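K.L.:
Protein sequence lines, in the order shown, are assigned to chains A and G.
392 is the number that this note's numbering gives to position 348 of the first sequence; each next residue is one higher, with no gaps.
665 is the number that this note's numbering gives to position 368 of the second sequence; each next residue is one higher, with no gaps.
Since the hints were derived computationally from the structure, they do not count as laboratory data.
There is no bait here: all hints are sound.
Partial list, derived from the structure: chain G residues whose beta carbon lies under 10 Å from chain A:
id, residue
1, Gly-365
2, Leu-398
3, Glu-588
Listed next, with one range per pair, are the computed distances between beta-carbon atoms:
id, chain 1, residue 1, chain 2, residue 2, range
4, G, Val-635, A, Ala-295, 35 to 43 Å
5, A, Ala-203, G, Val-635, 39 to 47 Å
6, A, Pro-291, G, Ala-568, 44 to 52 Å
7, A, Ala-366, G, Ala-623, 35 to 43 Å
Remember, predicted model here, so these are calculated numbers, not experimental data.
All C-beta atoms in this analysis are idealised placements derived from N, C-alpha and C, irrespective of residue type, glycine included.
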Amino acid sequence: MSAHALGRAAEALARTPGLTAVTALALGSGLFVWLAASSVVSTSQGQPPRAAERLHRIEVQRLGELEALLQGTDMAFVAAYPRRVLSGAEVEAFSAACGELRHAAITAAPVAVSAGDAAPSLELAFFAGPATFPLFELPLSAGRPYAAGAAAEVVLSDAAAARWFGGAAGALGRSLRVGGEAWTVVGVLEPRATLGRRLHAADTAGAAAVWLPFPAAARLQALPVVWHPAPAAAGGHLHASLWVELPSPAAGEALLDRLRREAPGLGLAPGELALRRYQDFQGAFSGASSFRALEVFGLVLLLAGGFTAMRLSTTRVRLQAAGLAVRRAVGASRREVVGEVLLQSGLLGLLGAAVGVALAAALLQGLAALYPTEAAALFLPPARALLGLGVGVALAVASALLPAWRLSGEPIALGLRRA
Amino acid sequence: MSRLDWVGLPRQLARRGSGWHPHVLAVGLGFAFAVHALAFGQRLVEHMGEMAAVPPEARLQVTAATDGDPAAVAADLARLRALPGVRAAAWFEAPLRATWLRPELFTAGDRRWVGWSVAAGEGAGETLALELLAGRLPSAGDGARPGPVPVVVSRSFLEELGPGAAVGTRLRSVERGADLEVVGVVEDFLSHGHMRTSRSLVLWPAPAAAPHLSTYLVRVDEGAVAATAPRAAAALGRPGRLVQVASAAELREAAAREAYGTRGLLLTLVAAILASVLLGSGAVSAFRVLERRRHLGVMRALGARPADLALLVVAEGALATLAGLALGLLLSVPLFSVVAPLIPHLTLRAGTLALAGALFLAAGTLAAVVPALRAARVPPSLASRAS
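Chain G with its partners taken away, still in its complex shape (with noise of 0.2 Å):
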């Protein structure tokens, strides 16, 4: 080690004509492209596994044909509360995953704030198993009373109600159209994870309605969910109906499948830049080692050992995109800055950055490996050619 000029590495690197300039370019965009697309991508996922909206208790989700008969609603919802395991079901408007979807504007004297509601029939308070804070949750015939229709909120949603609010509060959907009063405050549920916004909901009392197609949540333990599920969709199928069970992990992968595609995407773009360093890095080292063949045959009969001649190459390999990491971290702060409003909650984590720098360093010294096994073959003989 000590026969070469290890300490003037950094400046021979850093000289003009030495061809390492634009690999260290390289690295840097690469490295700070690479570590957001990782953080994007993992956060896709995360989210979209949170706009699944499955609700803790409410394990399983059905889904049949009513095509608009009342009674089939109601017969549907009487077998699954007949299953044993069941401990309440209930009918809601929409599958919960597109609640997110719906953002609607409220009213209250001279305040406006934006909300989320989830609209369902009789039970969906025990089936989401909703934890009362103050006041009552939807009873029976709530949707069919006159006057103010009777809501529960989420305790997000009654903190943007202003700090008097509370159970009798009134206040107005706009695009409803609708009066609405306060009868019960639960703890925030379905948020949305990361979500801080969306935490503000509504229970909206729906009578059950009949469309072509009804979603029923279900209630069951944990460890029943397996049995229950063959047995909800026995309970209501007969031929030619519809009826499909799926469990809460069933619906957050469905959810997240999407998301899978976007991030493969962004992993492939990163393993192309990763290949791109690879072959950066070895094109600018393979054509040092071709200039220097005299040099390093000096070198050689200075009394460098070929061991020391490929270490040389290597260090320089390793040291030029150890440059490159460090002009992407620099990088990635006003990248950051840009993206981070774009994506809300996107983080970059340690982690992340110690695993991609450790792939950039990997592929940026490996792929000075073949020019320094070359390097190494050099023979001293050259140096007397030269003179």
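Next comes chain A alone, as it looks inside the complex (with noise of 0.2 Å):
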């Protein structure tokens, strides 16, 4: 494909402006859509991107008959929260079985926070052991993560860095009062470090959080976000979240065999115990089948668009008809006449494709900015975008192709009769 021929597309193309800009934007409006649809659909579903295949949350499947009971009532959706928190003791016991293989306890609470002489204000706090850091992949842009039973060390997210100290240089070293204590600051998360939507329905990316060692949580007898009564003996609470990493599926196996083993004084029936992969609860939208139909929306969607597409593709190349035939009749093989329509078609589809990426990134940025939300991440993956781009330049070039194809069969005397 040489520069000549493509900028004869292009000059093709800017002779019926009226028709490209149509055809263009038809095209678009479909990619639009369908990029906008998947993108949340993608990014939500995987978000935050890390090894989420080897991360798992230890689960009690207790209280089934709640969940029995629930089913089918109004109040279905809050039905499978008692099992997503663990008490204080069985974090205790699960951490210990754990043994090497990497683990972090979580829990989030409002705590009041202060810094020099401000009045205090009611903050998000998570309370979360050393591990949290890697096994979330949670980038610090200064210092270090608290160590492991140190006391009086906290993590800043950004945000507070920025609120308190003027940003993450100023801030490491410094004291900041929570719950009526003295903490130092040791390090600063950088500003997109999250821990998704599948913890606590919490993200605190681009929000004031403070991170706190796990065991400060019942030292300060912080009420954490997400709790469920139990019996005394069990802690008071079920409140924490507990994460390991697995390395292989054995090792998960075995795991749950160590936990049943090692844990009975917590009097959990054989089968309560189980493990859930980190992907395996996506938030606010739960489940996989609202995923899919909005993405089958978009795919519909996009559809439309390209047959609107198709349908002008074959107007198109109609109105060069007679162009067609003088070119064939000057010596053009079929082929080369083919090849000219499915090269202005592929210029075509770009620039739709353009517009459609364009509207889609546009859209998703002015959302994410407009209506900050925990339910959806709202940007648009480099990779959907260029996924957008191919889509975009075949659904243009794949509508163009029998048009053409038939035209430049004709006869060139009944072409050349258009002119």
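Please dock the two separately framed chains into a single complex, following the hints provided.
P.N.:
Rendered as structure tokens:
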């Protein structure tokens, strides 16, 4: 494909600016809705990207009867909450059983935080084991995570460091009052560091939050955001998630065996313990079926846009019938003629796809800024943008192939009569 | 008007190769999605407002740091109750908006059901303005006595206990591993709007503990909210202590904020679909005009006025969109039967259907205006060129 051929194709498109614009917009609009819908699906299902296939949550399948009773009622959506959280005693016993496997207990609660002479404010605190940072791939922009067993060391989110100390650099080593106690800042997370939507329904990217060692939750008597009542013997509340990294499926089975053997004091019945994959819970949209529905919807609109573009391509090729006949009369082969038409269509497809990609990216960016939500991740991944461009070009080329082939096969005399 | 074959218009649109079929399909699917998205967004905001669980009379919520000091709770309550305009105040284990997250299993004999507990200290009955139906309201020391825990239950909770249930009926809380006795029955409180099941409530007597943060609800008259809020903050505040006072309206707004984001996302997708319909309709109209220029010229030569041709093109766009809307209505029936069980109390209101229909029709019709103006400019001389 020469630059000359490309230039001729561009010229041909420019000769019918109205039709070119309408075709590009028709294709672009279909792509736009498909890209926006499928990006919401893909980014929400897999966010934040991490080695999620190895990350599992230890769950106790308790209160199955409660879940069964709520099924089919208007409160069925809260039925699974009690089994998503563990008691302090369970966390302790299961953590010991995890042994060498990397694991971290996490909970979240509102706490009173003040820096310097400022009045205290109510902020979200994550109480998390030190392994949380590597396990959830939470990068630090300054300092280090708090050490295991360290007292009074705190890590701040980027927004918290900016709010209280003017930025990450100024925060390290500074003191902060959390829950009435003095804490020293030892690390600051990068702005995009986020736990994800599968944990206590909280995603703190961009929000001010403090990170404290897990045992501090009990010591400060902080009441977690998500908790469930339990007998005093079990630690009073079920309130924490325990995450473990499994190098292989076999390691999961071995861990379950060990948990059953080593936690008999918790009174768990056989079969009550389970490991849930990180990706198995998707927050607000919750089920894979709703994701599929949104994806199918976007795909149908893409096809509708594609059909419209196909119809317009037929019109475009028909309008060029006379010109194509002239080209053939002066010696161009059928293949060359079809190639020229397809090149035009490819360019047109690229134009439409660029419109669709740009609109989808702008829409998602605008939505993320206008409506910050934990229910969905709103951005257009570069790979999906490239896919959109590819799909646009492929649709446009495919839609022009048949009419171009048919017209190029017509007798040259018939085509010349149209001129 | 009479110069054109209006009756034959639907047949022309239905003809294979007319180019309108993808548009009709897109409008149908888009309309079905849009009405469900609008209904879901509306229900979600309503639902979050309901889940804020703001009691009608307890119009102020105070959050204060108590940091393990039980005396601080007693002192805070005494200060709040002494404020002018305050009718009652009580300590609550947690902000009520998260109550619905904690369904609990209860048993009595062979009956098992799900309820929601509100654990609160002395004065909770008066603060929530509970309407007593039988027995008594919670009283001081209820949580400290040996034996079954004396609880006040809502009317809906009593119905779960069975036909013979009344004051004095015993039951058991499975999660807490505690025996309970009904000492009072009150009208449903904290009912979560449409959410029927969540009206099954227990008021659990909890002696005021002193966690890191304490929650107090304050009963004040509607007109006194604005004046009492700063007074409550001043009464409890001291340097370095966290005290936050929020009105019921602020709590409802905060609860609904997250839903606004999701509703915004849905509304934007609907807008994107409308834009897609607009472009699709415009594109098909444009190519129909382009392909039929000679035919339009013949019509002009046979007496059709420019306005007739423009109207014909606009009518095509409108009719194709109407066909799409009819398809969308048909598609909405099975779609609703799939979606409704997943979203409790979702309703497709006539107003939503009418609004969405009007928007789609306007988009589909308006998109044909520019091609229609081009059609109106087709000269009659094109007819002779055709021959």
